[in-house]
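Q: As given, the protein sequences belong to chains A and B, one line each in that order.
Residues 1 to 265 (the working numbering) are what the first sequence spells out, left to right.
Residues 1 to 319 (the working numbering) are what the second sequence spells out, left to right.
Please note that a few of the clues may not be correct.
Cβ-to-Cβ under 10 Å is the rule here; a few derived chain A residues that face chain B [stated by the list, open to error]:
no., residue
1, Pro98
2, Glu111
3, Leu122
4, Lys142
5, Ala164
6, Ala183
7, Arg201
These aren't lab readings, by the way, just hints derived from the structure by calculation.
C-beta atoms are modelled at their ideal positions from N, C-alpha and C, and glycine is treated no differently.
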Amino acid sequence: MNVVANPKIVMQAKGLVKRYGHVTALDGVDFELREGEILAVIGDNGAGKSSLIKALSGATIPDEGEILLDGAPVHFRNPLDARRAGIETVYQDLAVAPAMTIYENLFLGRELRRPGFLGSVLRMLDKKKMLVESMARMQDLKVGIQSMTQAVETLSGGQRQCVAVARSAAFARHVVIMDEPTAALGVKEGNMVLELIRRVRDRGLPVVLISHNMPHVFEVADRIHVARLGKRAAVLNPKKISMSDTVAVMTGAMTADQLPAEAHA
Amino acid sequence: MAKSPTHHIPWGALGPWLALLGACIFFATQSDRFLTGGNLSLILQQVMVVGVIAIGQTLIILTAGIDLSCGMVMALGSIIMSKFATELGLPVPVAILCGIGVTTLFGLLNGLLVTRIKLPPFIVTLGTLNIAFAITQLYSSSQTITDLPAGLTGLGTTFAIGNAEVAWGSVLMVALYALAWFVLRETGAGRHIYAVGNNAEATRLVGIPTQRVLLGVYVAAGVLYGIASLLSVARTGVGDPNAGQTENLDAITAVVLGGTSLFGGRGVVLGSLIGVLIVGVFRNGLTLMGVSSIYQVLVTGVLVILAVAADQLSRRGAR
Chain A
1 MNVVANPKIV
11 MQAKGLVKRY
21 GHVTALDGVD
31 FELREGEILA
41 VIGDNGAGKS
51 SLIKALSGAT
61 IPDEGEILLD
71 GAPVHFRNPL
81 DARRAGIETV
91 YQDLAVAPAM
101 TIYENLFLGR
111 ELRRPGFLGS
121 VLRMLDKKKM
131 LVESMARMQD
141 LKVGIQSMTQ
151 AVETLSGGQR
161 QCVAVARSAA
171 FARHVVIMDE
181 PTAALGVKEG
191 NMVLELIRRV
201 RDRGLPVVLI
211 SHNMPHVFEV
221 ADRIHVARLG
231 KRAAVLNPKK
241 ISMSDTVAVM
251 TGAMTADQLP
261 AEAHA
Chain B
1 MAKSPTHHIP
11 WGALGPWLAL
21 LGACIFFATQ
31 SDRFLTGGNL
41 SLILQQVMVV
51 GVIAIGQTLI
61 ILTAGIDLSC
71 GMVMALGSII
81 MSKFATELGL
91 PVPVAILCGI
101 GVTTLFGLLN
111 GLLVTRIKLP
121 PFIVTLGTLN
131 IAFAITQLYS
141 SSQTITDLPA
151 GLTGLGTTFA
161 IGNAEVAWGS
171 VLMVALYALA
181 WFVLRETGAG
191 RHIYAVGNNA
201 EATRLVGIPT
211 QRVLLGVYVA
221 AGVLYGIASL
231 LSVARTGVGD
241 PNAGQTENLD
251 AITAVVLGGT
261 SLFGGRGVVL
271 GSLIGVLIVG
281 VFRNGLTLMG
291 VSSIYQVLVT
301 GVLVILAVAA
311 DQLSRRGAR
């Protein structure tokens, strides 16, 4: 990725500030997501990691600063605004409706209606089309689930998270934000989701991955955004820096300018 | 962890049917009159009020809520209709609309308290249960309203199929079940009701206005209680301030007997119709056997606990 001279910037934030009373969660943070990459966002608790993600996904409104999507400024007032702009978010706590089927979950809130009178007047859903499209989507992402009509609760935790990721990937036009997507999963299940995240990127969607899990971050990330004290401490290249140095920057034991030049990305 | 994707009918869905069948067989052996066409159509008439209330109750329970006020709101609606049509002398259609309007307002009130002030449905509807009951008693001076115009009781009239008399109200009840079944199964709004009951937070995060879905459900339930008010007036021929007292718990019993989970998100509205019939068959059968009505109350109490226990145990098994 880093050999590309000037990769296009898909999403950018400049000088975001967010205060909660006396607490400054974001203190002029910058952010940059490039085309075709997985950008990991790491940071200690209180580093401003989740406040940054909330601002990018529309869950909070920053007090200052601006967010640009494809170079144009955007102002999200709520998560729905962000979603309309093509930004999808996957949450850690398996945000699915367990008793409903896989295809219903994939199309939840974006159900397809039948053409003509049946759809426009009787508001009938086009279940067949949703089934076929779900199947195609899951096959495209190589999620090995055979039946789209099984209830999500019959799936394992990892498979459920794959459904949530597939839903976001299907509807995101610009960016997929994943907030600790592997935190609730076991090792094998976590790897299954990581594999899927890579495939989402390979299909052209840039991914923002928030994670506490350093091995996961180093396994999939193209670049690492380190949040610290409400600012961006560094952007690192996981291929040129050790995990322990990364943690040192994250905790403040080491500053970014103490790192060799090639560690920056 | 992952189960194989089988598609056979689960026992949970068959349970209500088996219970209904078992009850029918039992009462058929106890009374010669039970299985006659006349008696079966009588059961359909006896359950039409609670049947329509149970549709509204199903919608609410699917969202993981509950409505304890349903029967009392229905009673208030029937008092409004009968008083407006007699003492105020309003035309029958206007009186009916006023009655349905009041029950709809109660649905709106329940819905606003649940969605805006975030009060638990149990407490909200326990409150409106008492409010509706008190208004009913005050407005009617606890007097039954008689001499109703024919238009108000039209749905109680019957037509003959063979030697069985079927009430128009029963037909309306079945039609409303068909409508609810269609909406819940085939439309996005219906699927959103399930989604809210399944995982309200996840539903909100995908961009569905969950508060509006909830409010809509409570208002729709209010409209259905108003239709039940009309059926109650039509069935009894009077405006009865003490109506709705058995229907209140019977509706919840029927929904749970029909396999809808009190935890929300699971169930089918046609199950509630089966549940309503189970309750109706028990009440009718016990009456035919000459069992005093207080035992019917006892049986309903036992039924609802059994149904909730079955729901709870099957959910534990699924985990």
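Q: Can Ala183 of chain A be said to touch chain B, with a Cβ gap under 10 Å?
A: Status violated, d = 16 Å.
Q: At a threshold of 10 Å, is the proposed contact between Lys142 of chain A and chain B supported by beta-carbon distances?
A: Result: violated, 17 Å to nearest chain B Cβ.
Q: Regarding the hint that Glu111 of chain A lies at the interface with chain B, is the smallest CB-CB distance below 10 Å?
A: Status holds, d = 4 Å.
Q: Close enough to count: is the Cβ of Arg201 of chain A nearer than 10 Å to one in chain B?
A: violated, 22 Å
Q: Checking hints one by one. Is Ala164 of chain A an interface residue toward chain B, by the C-beta closer than 10 Å rule?
A: holds, 8 Å
Q: Against chain B, run the beta carbon of Leu122 of chain A and see if the smallest gap drops under 10 Å.
A: holds, 8 Å
Q: Quick check on Pro98 of chain A please, does its C-beta sit within 10 Å of some C-beta on chain B?
A: holds, 6 Å
In this structure, the hints that do not hold are numbers 4, 6 and 7, in rising order.
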